[in-house]
Each structure stands twice: as structure tokens, then as C-alpha cells.
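J.: Following the hints, put chains X, P, R, L and F in place on chain U, whose structure we already have.
There are 6 protein chains.
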Amino acid sequence: MKKTKNFNFNDKDEAKLLHKLVQELSNPKSYNSVIHRSNHNTPMPSVETLNEIVEDLRAIIFPGYFGQSELTFETIKYYTGAMLDEVHRNLSEQILRGMCFECNSLENTNCDSCAKLANQLSLQFLLQLTELRKILSTDVEAAYIGDPAAKSRGETIFCYPSVYALTNHRIAHELYKLKIPLIPRIISELSHSETGIDIHPGAEIGEFFFMDHGTGIVIGETSIIGKRVRLYQGVTLGAKSFPLDQNGNPIKGIPRHPIVEDDVIIYAGATILGRITIGKGSVIGGNLWVTDDVPPQSKLIQRY
Amino acid sequence: MKKTKNFNFNDKDEAKLLHKLVQELSNPKSYNSVIHRSNHNTPMPSVETLNEIVEDLRAIIFPGYFGQSELTFETIKYYTGAMLDEVHRNLSEQILRGMCFECNSLENTNCDSCAKLANQLSLQFLLQLTELRKILSTDVEAAYIGDPAAKSRGETIFCYPSVYALTNHRIAHELYKLKIPLIPRIISELSHSETGIDIHPGAEIGEFFFMDHGTGIVIGETSIIGKRVRLYQGVTLGAKSFPLDQNGNPIKGIPRHPIVEDDVIIYAGATILGRITIGKGSVIGGNLWVTDDVPPQSKLIQRY
Amino acid sequence: MKKTKNFNFNDKDEAKLLHKLVQELSNPKSYNSVIHRSNHNTPMPSVETLNEIVEDLRAIIFPGYFGQSELTFETIKYYTGAMLDEVHRNLSEQILRGMCFECNSLENTNCDSCAKLANQLSLQFLLQLTELRKILSTDVEAAYIGDPAAKSRGETIFCYPSVYALTNHRIAHELYKLKIPLIPRIISELSHSETGIDIHPGAEIGEFFFMDHGTGIVIGETSIIGKRVRLYQGVTLGAKSFPLDQNGNPIKGIPRHPIVEDDVIIYAGATILGRITIGKGSVIGGNLWVTDDVPPQSKLIQRY
Amino acid sequence: MKKTKNFNFNDKDEAKLLHKLVQELSNPKSYNSVIHRSNHNTPMPSVETLNEIVEDLRAIIFPGYFGQSELTFETIKYYTGAMLDEVHRNLSEQILRGMCFECNSLENTNCDSCAKLANQLSLQFLLQLTELRKILSTDVEAAYIGDPAAKSRGETIFCYPSVYALTNHRIAHELYKLKIPLIPRIISELSHSETGIDIHPGAEIGEFFFMDHGTGIVIGETSIIGKRVRLYQGVTLGAKSFPLDQNGNPIKGIPRHPIVEDDVIIYAGATILGRITIGKGSVIGGNLWVTDDVPPQSKLIQRY
Amino acid sequence: MKKTKNFNFNDKDEAKLLHKLVQELSNPKSYNSVIHRSNHNTPMPSVETLNEIVEDLRAIIFPGYFGQSELTFETIKYYTGAMLDEVHRNLSEQILRGMCFECNSLENTNCDSCAKLANQLSLQFLLQLTELRKILSTDVEAAYIGDPAAKSRGETIFCYPSVYALTNHRIAHELYKLKIPLIPRIISELSHSETGIDIHPGAEIGEFFFMDHGTGIVIGETSIIGKRVRLYQGVTLGAKSFPLDQNGNPIKGIPRHPIVEDDVIIYAGATILGRITIGKGSVIGGNLWVTDDVPPQSKLIQRY
Amino acid sequence: MKKTKNFNFNDKDEAKLLHKLVQELSNPKSYNSVIHRSNHNTPMPSVETLNEIVEDLRAIIFPGYFGQSELTFETIKYYTGAMLDEVHRNLSEQILRGMCFECNSLENTNCDSCAKLANQLSLQFLLQLTELRKILSTDVEAAYIGDPAAKSRGETIFCYPSVYALTNHRIAHELYKLKIPLIPRIISELSHSETGIDIHPGAEIGEFFFMDHGTGIVIGETSIIGKRVRLYQGVTLGAKSFPLDQNGNPIKGIPRHPIVEDDVIIYAGATILGRITIGKGSVIGGNLWVTDDVPPQSKLIQRY
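Residue numbers (this note's numbering), protein chains in the order written: chain U, 1 to 304; chain X, 1 to 304; chain P, 1 to 304; chain R, 1 to 304; chain L, 1 to 304; chain F, 1 to 304.
Among the hints, a few may not be true.
The list makes no distinction among identical chains, and a pair is therefore deemed to hold if it is satisfied within one copy or across any two copies.
Lysine-lysine pairs mimicking DSSO-like chemistry, simulated, CA-CA at most 27 Å apart [to be verified]:
1) K252 to K151
2) K116 to K177
3) K151 to K177
4) K240 to K177
5) K134 to K227
6) K240 to K299
7) K151 to K29
8) K240 to K252
9) K240 to K227
10) K116 to K16
Derived from the structure by calculation, the hints contain no laboratory data.
Looking at chain U on its own, in the form it has when it is part of the complex (with noise of 0.2 Å):
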């Protein structure tokens, strides 16, 4: 063990240091920047139990791949029954947790209202579960037919960082659209820290998406994507610059990343900056800076 001072405080040293630091570190002096103040007495939302609902949607939407996996035409009914059960009573519960987090009312009156609010979000929301399965089988037939590795389908919902990260992207997009708060986020940070793509829930994303590998893939809030585009690893979808308001804060909410059209294909580690457009059918070669608009059917290659 390399030599360090030695501090040399006795046990009462110690026990008066430790108060000490308690007392300054419960000081509001100290914590009032970085404190969250329950509103209303409810919790923050809950990651675990978020992550819990995304797990029973995908049970929900790819059945026998996850959850209980032997199933037949009767039972399905029952446990996608009781599935969707609890997530619509989780859901509402996380989504008024994500109200109550940005809420500024300081007084209490709104709460049941609120309360019935997000129960009716959570159930707008599950009203658009079939169709989110349907554009995720899409997704499905994206990677299978894009990755020549890839040995059935059935090994792409399974396995495929893509179909997971879309999964949850797909989830947040629509929490996102009910103007949600914070919840689509969560979301999308569950399968960021899982596969290495970071997709914002606010993008567009058409159907028969598929991202190679994955790692590293960043899409922005304000990206809109065409049908059967394909990303590799490490593409960026950013934005190149932003303007601030008179308190040097960004502006949100404007339009600031890329429009992905139909049919492209942007190699690994390409980014493309900008609210610009790369055209239908393009080809954008790997490690590539993009920061104007790319015409229909270019192939940009880096040369060296």
C-alpha cells in the first residue's frame, strides 16, 4: 500500500467531524440548489416500476418471447388481460408522479384532477398498443432482412439491441405525444444505458427501422426519420447549434435536428448536424461530418 498522510483523528474527532458534516450538509444553504421538493406529497416517479411496465408492454406486444413463455390461443387472452391490467394502474400512478414532478401549483386543489387526468392518459396511451405492435413487426422484418448474421426473426425480437431500443422508443414517443411529463424520458434512458442508443422521445421514426450494433447512436428530439432508413453504430442525428434567449438560456422546442427521408442508409460514426435533409434513397459513408442538405440518391464517401 503506497504511503498517504495519516489524518490521525481519535473515535471523538471522528464522531464531531461526521456531526459536523451532517449539520452543513443539512443545511438548506447548501442543498437548496440541488433538493427536489415533493409536490403534494407524492413520490418521484419510480425507474424500477417504470422499467417493470416496459417490460410487461414488451411481454404484451411480442407474446411467448417474454413473460411466460407457452402460450396458446386461449391463455394469451388471459395474461395479456392481466398484463394490461396492471400496467394501465401502474402507468397512471408513474405518469401523475411525472405531473406532480413539474407541477408549480403550490396548493393542493388540482390533485384529484390530476389523479384522473393521468388515469386517462395511461388508457389514450394503451389504445395505441396495437398499432405499435404493428409498426414494430416492421421493425422486426427491418432487422431480419438488413443483417445477413441474423438467423430468424424470432432471434431479432429477442436478442437486437435495434428491436429493444425501438420498443421503448415507441412507448415514449406516444407518452411523449400525450405531452407526458418526464415519464418518456425515464423510458428512453432504460434502454440508452441498455444497448447505447439514445434516442430522444420526441423523434419521428418511420416503420421498417433498423440500427446495426447500435452503440453509440444518437437521434435528436426534433429528428424526423422516413420508413426503412438504416443507422449504424455511432451514427449522430444532432443538432449543430442553438439559439439562446435574452437570459442566455437555449430556446426550446425548435426544430433543430435532421430530416432523415425514405430509403437511406448512414454508415458508422457519420454525423449529421443540423435541422438539414438527407435526401430519399441516400448513402452517407461512415465517420462523415454532414451539416448541409444532402440531394435525393447522393452517396457520400470519406476519403483518405
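T.: Below, chains X, P, R, L and F alone, put in the same frame as chain U:
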């Protein structure tokens, strides 16, 4: 809370809507393309059990680092024996599930012989463990030599993504060579998700291999890597393009990834595509895009 | 199931083979280079406990966001005190394990003094917590200002990989400065695995630091980063090469990573290598490969 | 395996039978008398949470024995404060659930006021904790004095069913006095199941109470027990009979269990029934059946 | 610490002693009479899984009390269906394990047919569930009527050992009637351990049965109990003696426990032994020892 | 909900009241008689770890019934060795904690020698395991012979409270003989709580012992039981009275419980008190109260 449309379902509507949704989602038309029908009542492989198997193997290969850490000459035998027996039992079962996942035979006639085969494949795999330990010890050496920040060989075993991912890969690769379906891929994804390093189980990798930092590295299915090779984060050994069959599906199994010869170093973010050869002793600079053969002892660097 | 060679072991063969395998794997010749011999009966550091310690510290630093979320002026003191006491006890133990991991002394004579030292190092670390909170609050501010998609400061604390990884890093860096072996590295890898951001505990990072998206960022051991710096995903601050000693081993501890001065922005995928200086206020474009000093206020952009 | 009738269902029959069974069991006619209809969307009390509450209270009352065992003058305050805050929050919620379980009002109009009441009842209970600790310390003393096998007071706190069950009882009894429904009963059953001692939350028990071994002891709802009483295993303080109302239902709440005065000892297996009085200082021999008043200082013994 | 002999083993001795001990304990001579040799590679029944099965059945029988507590007319069907499917799958497996536990055939020839039989026995059992619910609802009624301390029927379902133990018993008894080995016994022991009530799965028990407090009640294998019977804690319905065969082993399966006719009440601690009949409507006082027939409408009381 | 007094605290009052309560409960005056002051920073023994130790020992003694159930001649050695090593390590630590619990020395001077002693006591205990297995196999035989309902010896090992409680007892008794404090008692309470059988670790019990049903059996510290003895549920072998010392405390360690000679049967609910002798071959009827010596071959029966 920002304003959203107020849907105003009452309780009865809600029950009806949920009921209708269950009907829809349980309709074969909806689920037919995304359901897994369990063959022969065999459940899906268990990602959790496979993770335990890999962790047990890690503890067998690197005794004292993982699993029980206080071992003696005598007790190492007991722990190794007990873990091996458990791995054998669990792995046989998971291999069988992998086989059933891919099985097309609708009759149950071969299930017994599949179970026997799975058992023998598991055994066949285990017999490679001494060799696996030997080659992994060269990877440990490569990490220690290759990273000035490494304080000891033990630190690279216990903390380094490179050694972690290679342990998974070398296990998965042995299972891949035995033509076991799905299981090798799951084992690869376990370390992909943990480290951001995506090595296809099919890739052949020589001894003394080191991946510094690792995040974003992709090594494709038919890659062949020599001895004493070093990759940095974000390096891709990928396919450039792939031929389609008459139905527009990619032809599977064709060699399409690079051959990297002995003593090559490839720096961060370089993208090497296609069945090309990076000659012995070459150095490829970061962020390069390489699609042609590189002669031995070359040094390629990006200019700006 | 594709055809594989049928090995045809019977039960007896199997028992014999497994037995022989256990003998082989328990042979010192096989395990000698990859075994950890526990010094003084001290087990390996526990990754799980270290994770709990870091989560407790996160809850202390950002009260109400993590851990108990409904806090009052009074109760915050109780929770802080109880968590601090537990962190202190657990961290002392883990520091001791880290010290034993590296200890070369074969006799047990110093174990008691090591235990005392570990306790004092833990305390010494805890006394930095108020400062840690202060600097992390600037990182929160930087994330909020730096990302137009951020709806509130709270969202960056609860959801952003940048704040998550920096919390781990700033903890690990304090422990690194106290010359505690192994433990800082484990804490770094915890967030590397979670976020894909790999910051060596040795790196010195100024206030108001922000890493957007983050996946694939690498910041080497001897990097020095100024104030108000912003990095995007996939940026590397790495070593270009490193001198070897007479035995061919890399010489450890030499400054070999970049100095990044105040107010620098580095875009996605740029690779900055060697002990060079990126001058104050410079902007480095994405996917660049930079190995020479960059004067202040420069703007480097990739061309295609 | 012994012969059983071979039923010979095929797979289709099986699916049909299970489906029919689900229909039957989901028919209101079948479940109507045994279903719990959740009032106001409040779930059932959670036995698991109540167990945690009781364990937290045990740790508050007997610091150092349960919960964190290494306490100092300073840290005891932090742990006590944090646990109390959590108990208060959790107990309020469980009290509310208990109230909803019994609530007959079909409208939701009072839920808010119920929640407030539950919070205040929880607080009211907590304010008794100092007293509870005081009386429980006399029970500890009684166990130590009363059992020659007890090596120390601490052993009785940590290991003795008597102290364990009395802690639960004295908690449950305070909640019972606050007229909180269901919750006290659940807390009693937790220790009944653990120790085999069944004390109804309604029983009034004086200080310095000791139950040796304890298994099979029953103390009925309206029992009144004086100071320094000692019971052995299998003692019953029960009701002899109870009047029915016009519908044949037992009239609830009538005093029907014994009064046991100060300093009484009752040996193993004695059965004391009805609202009788066992006079001060009496000794009741084992296995007796007592249904009449016993004058003070009596000694009753079974003959054979 | 009290003085004990100081053994003074050194580390080498210790290793040797442990090694020798392992040899001894692994010697067939040592373990032969106490080892279970797994038949046909089938593991022992899982107590944990059986507990889950029983808890699922409890949730099916008493909907809203156990399992999901917020049920509607529609969702009850989903939950019931999903739980039934899972119980069926798990129970089939456990029945098979029970059959293998008892199987004497050394060849594997019948394993497939055993698996089919297990599946059908599980189904056969499930078809009794509607009846089980019906009779258990009479037990609930009996508990409510029989205990003046019971505030509602729901309280007896949720909290009373009597209803808990009878649910286990009536399940175990159905399995016993199907001649399934071991499994019924395990289910009985689960509630024996929880409640202190020991009912052998073979006992036949009529409707409206109630056991007040319950601890220590024993009901033997061949007992027959009529309708509306009430037992108090510590009552034994046992065997007086039993004939031995020529080898001195007890002859199994002979009727040797009491017949208790309708409307009998037996008070705490009474011991009823042998194949005698307690006539309809009799009352047996506490702590009595009864080994002869008791005519209808008798009242037996202990004197002192 | 029944009416309760409405306390009408507001939020401020509540905070104040809780704060005051924390002060009170953290006041040494309040906690002084019920606190455990950790000696030498050693935590309390862990009931959970002791439970694991006992379950491991159960798996070692009865291989195939508990723990891994599919064992072969070869693998039994590995499992036994690995479990023994773990039990030794864990038990040494728990013995040390037990010693610290009782230690009166305020200085730390002996902690190292205590740790060594604990290690040697653990080893000394383990060396009895072969003998323990031998005598427990006679208890299994006694259960099989003694209960006509037992279908096989294996059933008694896997399901019978008698074998379960005796395994705990015979372990606890060996530790008691080594004068290890507290730990034996905790092990006894583990099975007391599980089975309702309360055997003090000090009791000496001969081979072929069987307790039918078991609930409520109590066997006191200084009891001596011969060979082939059978007890039924609710039997007490207790103390009649005990002498007090000058301070009114019971004098510890005096022989005060019965001696039960070989081949005695004691029926349900009998209470045997004091240092008396039940002569060889006697039969004691149920529910009796016995406080005098019983000559050999006696038959005592209750009359009514």
C-alpha cells in the same frame, strides 16, 4: 402541468375500452407475425440463467477474483467441481432450449435425442475450459501491457471491459463452433450491454487481444483477427455490403468482414469495412474509413 | 436443428471427463497466472456494496431525487446522518479491501494499522462532500443550459447520463487523490457500464462540465479539463503513445492525455490524442483526429 | 407410483376444460360470498409492509439489537429519526387501507378526510413509543428473572418469544385502543405465526409480564392481566360461551375472558375460561380446567 | 467469554482436518442411509414452488383478498385465467417430482407416461376448485359465527389461522384422494409451520368447520369429522396405538383416528384417541383425555 | 369507519411532535436499559446467516434431500467440500459475534485471540458432523417406525417437524457443549418458530428419538432423555420451581428438568416437571401433570 385534451372516459367506458383492447391484442391477426410458439412445451432460453452460467464460468476461470474469494489449494477443487457440475446441468438445459427455439419439426419424436445431444454439446464445450483459461490469460497480459493506467494484472481481470467482454466472447465462440443456436448470441449481448463492445460470436480472435476502453467497438461475424492486436473504442470491423438472394433477403454466412493480421493497432473510431486485409504490423489512425486492403507495416492517419 | 457431430459419451465417460476436467482446472499450473490469492483473509472488494455506497452518496448529494423522496427541513437531517454513518462504515471496509488487494507484505503485522488508515481515509473523503455537492450543482446547471431538450434542472439530475457519470467521477477522483487503490476504478466502471462514458478517476475536471448524450466518451487518466467545457458523445481524450521501460512494459503515470482549457466545445466523435493543449474557447468539430496543440479560440471542422 | 385412474384428456379437452373452469370461477355466483371488493380503489393492507413497520419499531425500541447494530450517542438520533419518519408514512397508509377495508360508504366523498385521520392516528400511536419502550423494558426484566436458563437480559431481547410477542402485542394494543380496524389483528397474527402465542390486540396486560416458551398460549380479547404475571406454554385465557343475538350471531364485544390479578403464575396447559377472576398471587397448576373465580393466594394442582 | 479448551490447530492442521472430514462425509458408508438418489434426473419437489402454487390458489379462491386486490367483473377473468394456467403448469411438474420421489423402477421407460399422468392429475385437481371454494366459504361463515371477536367475514378470510389452514388442507386432501405422493404432505406442513395446526391430508372434514386460535391442533390421517364442528387450540384427534407387522413396522393405512359427528364442540387441549366416535352434538371439555366412544349430546367436563 | 377522536394536528405541529419524539427516544435515559452497545465494533449475530449455516448443514447431512438434489458419487464430494468451507468461514464469524455479545472486557486487547478461538471452535464443531449424521439417521428411523402415516424414511427427512427440529437441536447442542454463547439459542429458536418445538440447546437426547406432530413440545435445559423415547405434541419437560439467590435472581445452571429413561412414551399434553425420573419403559398418558418420580414400566393414565 401543460394542458392536454381531456378525454373524459368514465369508469364504464374504461372497462369497455380495455376489454376491447384485450380482444384486439389477443386476435391472431394482430399477433401472428410477432408471437413465439413454444415448440414441444420448451420455454425460451433464460437470459438470467445464462448470465449465472457465464458468471460461474468467470469464477472458474479466474479463481479468487469472482465467486468465493478466499481459496486454498484444497478448497479450489471443491468449488471448481461444484460450479462445473452446476454449469453443466444448466447449460445442457439452455442449449436444449436454444435448439427447440430453432426446431422446425412439429412432431415431438426427437426431443429425447435433442436432450441427449444438448448434454453432450455442453460437455464438449466444458472440455475447452482449460484452453479458454490459457488464452484469456494472454488477454490479461495484453491489457496490462497495453494500458499504462493499469496498476496490476489483477486490476485488468477485475475491472477491465476488455477482459470481461473477451471472456464472454471466447465462451460464446466455442458454443458457436458447436453450431448451438441462439445461446452464443445471448451471451454476446450480455457483454455488449454491459461494456458497449459488440463482438459477434462467430469472430475468430487470436491471443493477446486488447480493446482499450471498448465502448462502441463492433466486430462482425466473419472477422478474423491475428495475435497481439489492439483496438481502441469505437472501432468497427464491419461488412461493406452484402449480396441478396432472389427474394431480396441477404445471403447468410458469406465472408464479409475484415481480416486483421498480427500486431495491428487500430485507433479510436476507425471503420474497417468488407473482406479486406489489414496487413501485419499496420497502424490505422482514429476515425478513418477503410474499405481496401492495407499492406503490412502501413501507417494510416487522418489529415485535417 | 442443424447437424452436429454426435459425441456419444455415456454416463460413465461423462463422470470421468468432468472429474478429469476438475483435476486439470484445479492444477496450480493451470490457474497460477490467473488466480487471486486473498491476502490476510480479506475478500475482494464488493462491487455490489460499492454500488450501494455510490447510490447512498447520490441520495445525500441530491436529496429528494434519490433515496427517500419526501423530505422536510427536519427529516433531511435524520436521513443524511443515517446514510452518512452507513457509507462511512461500508466505505472503510471497502477501502481496506482495496488496500489488501494491492498489499505485498506477506505477514499480517500491519492489518490493524491498515484498518485504521482505511477508516481515516473514508472520513477524509466524506469531508469533501459539501464541496462535491457544490461543484456537481454547477454540472447540473451546465447540463440544463447546454441542452435545449432539457425541460428543467431536475430532469438533468434525475435522467441525464452526464450528471450521473460526473457524480461517480467526482467521487472516484477524490478517492484517487487519496491514493486508494482499485476502489476508484470500480466506481468509474460502474458508470462506464451504465452510461458508456469512460472517465479515468485520475482526470481533473473543472466546474460546469457537460457531456451531451455521452455514449463512447473516453477521458484518460492524466487529462486536465477547464471550466465550462462541453463534450459530445464519442469524444476521446486519449494517449497517442507511451514510452516503455527496459522490460517492454509501459511506464506508468506519465502525463500523456490532453489539456482542455476553459470554454472549449468538442463535437461528437472527435479524437484528441497526446499531452497537447486545446486552447481556451476553441471549438473542435466532430469526427476529427487531433494530435497537435490547438491555439485558443480556434474552430476546427472536418471537410468532405 | 400407485395406480390411479387414467383420465385420458387430450390437449384440446384440456384447453376446453381449463377455459370452462375459468368461466365458472369468474362467475359472480361462484365468487360472490368470498370476494373482496376494493373500496375506493384502495388495495388490501400489505402484510409485508406491516411486518417491516413492526421490525422498524422493534429496532427503534431496542436500539442496537435489531436494525443497525453499531450505534453511538450521535448516530442513534439519525437512525431513530429516519426510521420514525418512514414508519409514520407507511403506517398512515396501512391505517387508511384498514379503514377502507371496513368502510361501508359507497361514495368517495370522505376519502380525503379518511387519509387525514389515518395520518393523525399514526402520529397519535407514535407518541406512545416512549411509554411502550418503558413497559417493554419491564417485560425484559421479567423474562430474565423468570427463566433460570436466561444468561443475560440481552439474550431475552434478542431470542425470547415472550419479548418478541409482547412487542407486537403492545404495538397492536395501542392501535386497537385507537379503534383502527384490521391492522392490529394482522400485527398479532404476525407474532402468532412466529411464536405460536396468540394474544388478541384487545387484551390489557400489565408490566413485568412473562410467557415462558410460549407456544400455544391464547389470551382472549377482553382479558385483563395484572402486574408481574407469568404464564407457561399452552395456557388459555378464553371465553366459556357467548350469548347470541336474535339472528344466531354472537354478540360482539361483551367481556367474556378472565381477569388475572397481580403476581399470578399459571403453569403449562391450564385452561382458564370465562369472565372469572384469578386472585392476586395465586398459582394455577398445569393442565387444569378452571371456570370459576379463584380467591387470592390460591394454589390449584391437578391430581392423578 | 467463558473459558474453553484451546485446541491450537494451525493452518495446515486445519486444512488437513477439513479435507479428511470431506472424505468421511463423502464416503458412501457414511451417507448411505440418509441420501436421496434422484430418480431419472428429477429433482426433489420444490417447497418454494409449492408455496407459490398454494398462494395462487388462495388468490383464485378468495379474489381480492390475496393477489391483485383491485378487481372488476372483467379483470377477474383475466387474473383467474392467467393464474390457473400457471398453477396447472407448475403443479404438473411438482406432481411429477412427487411421483419420481417414490418411484422404484430403475429404468426410465415410464417417465413420459408419468409426465402425462401428472398433467392429468393436476387438471383433475383443478376441476375441483369450484367445489373447494364453495366449502371454504362455509368455513369462513363458521369462523365468523364462531368467534365473537371477528368483526367481519373478510377479517376471517384475511387473518384467521383456521381459514388459512383449511384452505391448505382442502387442497391437500383433494391431491391425497388422487393418490399423489408427498406433495399433499408438503402442503400440509406449510400451514402446520405457519399456524401450528397439523392436519394430515388424509383427514375427511365436513363443511362449516372452525378451529379457534388453532395452535397445537392435531388431526390424524384417518379422522372423519362431520359438519359444523368446532375445535379449540391444542385439541388432538390422534391414534391410541397401532398394530405392528411381523417386522415390527407399524401397519400403514388402518383406520385409527376418531370419528367426530356433526355439531360437536371440543375445547382447548382435549385429547381424543383411537377409532372412537364422538356422538352428534356432544361437547368435550378442555384438557380431557378421551379414549372411548361418547354418545350423542354428551357433555364431558374436567373436574378439579 | 367507527368514530375516533379527531386530533387535528396541522403539518407544523406534526413536524414538531415527531422531532420531540426523536429527542425523547434518543435520550439515554429512555434507551439505557434496552440498548445493545456493540463491543469492539462487532455487530450482532446475524439470524439470517445462521439460518443459511443450518440449511447448509442440513444439505451436508442429508445429501440429495436439501441443496443440490442430483448428486453422483463424484459430485457429492465437491458439493460437500464447498459447503463445508463456507459453513466454516461463516460459523467462525458468527461464533466470534456471539463471544463479543457476551464479552465484558472493555479493552480490545483480546479480539485477535477471540477470532482465533472462534475459528477453532467452529472446526471442533465440524469434526462432530459424521457423528451427527449417524445419530440423526436413528432419529429418521424412529420417525418412520413411530408413525403409521409415514410412507417412507425419505418422507420423514423431507417433511417431518421431528427430524427438522432434531437436526437443529443436535447442531445447537454440540455448540452448547463447546460453551459458545447465544448462537446455540438462536439456532434453537429457528426451529422453535418453524415447528413449535422448543428444545433448549442444553438438553441431552439419546438416539432414536421421535416427536410426533411436535407443536407445543418443551424440553428444558437440563433434561436428560434416553434412547428410543417418543413424545407427542404438547408434552412439557419443565422445571417445577427454582431457587433464587440473595438478590432474588434465579440461580442459573442447577439441574431442574426431568430425566426420561430409555423406551419411554409420553402422550400429548402431558406436563412433567422437576428433576424427577421417568423410569425405563414407562408410558405417560396425555394431559397428565407429573411432578414425582415414576418407576420403570409404569403406565399412567388420566381418568375422567
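J.: Each hint needs a verdict: does it hold in this structure or not?
T.: Taking the hints in turn, this is what the structure says about them:
{"no.": "1", "hint": "K252 to K151", "verdict": "between (44 Å within a copy, 8 Å between copies)"}
{"no.": "2", "hint": "K116 to K177", "verdict": "within (18 Å within a copy, 36 Å between copies)"}
{"no.": "3", "hint": "K151 to K177", "verdict": "between (35 Å within a copy, 15 Å between copies)"}
{"no.": "4", "hint": "K240 to K177", "verdict": "within (24 Å within a copy, 37 Å between copies)"}
{"no.": "5", "hint": "K134 to K227", "verdict": "within (14 Å within a copy, 47 Å between copies)"}
{"no.": "6", "hint": "K240 to K299", "verdict": "both (22 Å within a copy, 14 Å between copies)"}
{"no.": "7", "hint": "K151 to K29", "verdict": "between (59 Å within a copy, 24 Å between copies)"}
{"no.": "8", "hint": "K240 to K252", "verdict": "within (14 Å within a copy, 39 Å between copies)"}
{"no.": "9", "hint": "K240 to K227", "verdict": "both (24 Å within a copy, 22 Å between copies)"}
{"no.": "10", "hint": "K116 to K16", "verdict": "between (50 Å within a copy, 17 Å between copies)"}
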